[in-house]
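Counting from 32, one number per residue, gives the positions in the sequence shown under my numbering.
Hints in this document: simulated from the structure, not taken from any laboratory.
There could be a bad hint or two in this list.
[Unchecked claim] When the alpha-carbon atoms are kept at most 20 Å apart in a straight line, the in silico SDA-like pairs for lysine to any residue are as follows:
1. Lys218 / Leu236
2. Lys310 / Pro320
3. Lys292 / Lys339
4. Lys153 / Asp80
5. Lys292 / Gly331
6. Lys206 / Gly253
7. Lys377 / Val336
8. Lys205 / Val141
9. Lys106 / Val141
10. Lys310 / Arg354
11. Lys339 / Asp370
12. Lys79 / Ser175
13. Lys197 / Asp151
14. Lys197 / Leu239
15. Lys339 / Gly253
16. Lys153 / Asp127
17. Lys153 / Lys205
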Amino acid sequence: MRHRIYCFFTLISIYILITAPFAFADLPILKLNTGGHMASITNVIPMKDGRHIITSSMDKTIRIWDTVTGMETQKILGQIGGGPEGVIFAIALSPDERWLAVGGWFGQSVDTWGNIRIYDLKTGRISRVLRSHQSTVNCLSVSSDGRYLVSGSADTTLKVWDISDKFSLVNTFKKHTNTVSAVSIIKEDGDYKIISAGVDGKVILWSLNEKSVLKTYVHTTGLLSLAVSVGYIAVTGVIGSNIVGGSYNIVILEHNFKPIKEIVSDTLPLGLSFSPDGKLLLAGTQYPPFAAKVYDSQNGFKEIVSFKKFDYVAGTVAFLDNRTAITAGGTHNEIYLWDINTGDIKRQIKGIGNEVWSVGIKGKDIGFGYEDTLIFKKQNLALENFQKQAASENMSINKYFDNKAA
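Work out the full structure, taking the sequences as your base and the hints as a guide.
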């Protein structure tokens, strides 16, 4: 009898496991719409009109913003739901702004981890999925003529895709010995040159025409960020045990891979971008004091301004134009556009509300806050009354506690 009961429940369990995904597949997923990103911002791309920018985030969304109004104009939802599947690490836009390539962690198995989604930006729909990488895709770059897309992955490889031939895979490069963290493709002297940086500390120059390595530079620590201008290559990144007591620097190379400058910084730089004219280098930050900095490439990469509005990691950077920097990050996942000469803020873009780091309950009272060292408490205020009062004052619950709780 016990054996029959056991078999019965075993069969029921198997049935539930098989049918549950289908039963819940059509159920709606409730998501807060704060008007901004709800997790770390991983990329920012300025658009050709000089007004709009595209951002991606670990909240699994891609958003387009009007930098004049600060409002979101388009949102692309890729893979929404619990768990890390769907987080976005990299995006790249074709020069004609038709195609948006998106990489990240897109599944629970090796078969889907390294997928690259190609979106039709106008419709926001997936046009095709590129399958070849065996792990997460961390970086993407499109050539200036829109011919090739290059992807770098935690599987240690670089892959080149021919956009003009339906994104067909044309080559795979295998010289890195650890995660490829950054990549850039440039058209030079009739060849397509690919520059990659990795956690193995290597910067590698590849020739697509020759399908071979041209030069290699080896840094003392793992590399996370890369930027390329007409005259220079900038790399940085201190990871793991090297963070404390490590070398907080940015290395500047000429295109022949000769190191010409080491910029020492106290902020542990993360995220690099050259201005469109190549005269300025912008660096984000991943360690206190949290400050994004701008360096003058025509004056020995001398620091000209430090932007100190962030309270946490801000490693996503770009230039809107030659005078306007974009930095994104902080505990509230904010986007700042600011003047590179004065540091004055031109536009701040962020969602409403705050992250909840602390919660306290006492009887029918509840309190919470966005500082991890604080628990806000409100005495003698039942939760239902608290909600009504917050609503009548046109406040979010978070704001109510910020202003009135002790």
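Handout entry: Pair hint Lys310 and Pro320, alpha-carbon separation not exceeding 20 Å
Key = Violated, at about 25 Å.
Exercise for the section: Mind checking the alpha carbons of Lys377 and Val336 for me, to see if they're no more than 20 Å apart? Expected result: Given that 20 Å is the threshold and the Cα spacing comes to 15 Å, the pair holds.
Handout entry: 20 Å limit on alpha-carbon distance, applied to hinted pair Lys205 and Val141
Key = Answer holds: Lys205 to Val141 is near 18 Å, not above 20 Å.
Handout entry: Hinted pair Lys153 and Asp127, Cα distance within 20 Å
Key = holds, 11 Å
Problem - Hint consistency between Lys310 and Arg354 [alpha-carbon to alpha-carbon, up to 20 Å] - result: Roughly 11 Å between the alpha carbons, so the hint for Lys310 and Arg354 holds.
Exercise for the section: Mind checking the alpha carbons of Lys197 and Asp151 for me, to see if they're no more than 20 Å apart? Expected result: With Cα atoms ~13 Å apart, Lys197 and Asp151 stay inside 20 Å; holds.
Handout entry: 20 Å Cα cutoff - pair Lys79, Ser175
Key = holds, 13 Å
Handout entry: 20 Å limit on alpha-carbon distance, applied to hinted pair Lys292 and Lys339
Key = Distance ~24 Å between Lys292 and Lys339 Cα, so the pair is violated.
Problem - Restraint status (C-alpha distance of Lys153 to Asp80 at most 20 Å) - result: Status holds; Cα separation ~15 Å.
Exercise for the section: Compare the distance between the alpha carbons of Lys218 and Leu236 with 20 Å, and conclude whether the hinted pair is satisfied. Expected result: Within the cut-off at roughly 13 Å; holds.
Exercise for the section: Please work out if Lys339 and Gly253 have their alpha carbons no farther apart than 20 Å. Expected result: Roughly 26 Å between the alpha carbons, so the hint for Lys339 and Gly253 is violated.
Practice task
Quickly compare the C-alpha distance for Lys206 and Gly253 to 20 Å and report which way the hint goes.
Solution key: holds, 15 Å
Comparing the model with each earlier hint shows violations of hints 2, 3, 9, 15, 17; every other hint is respected.
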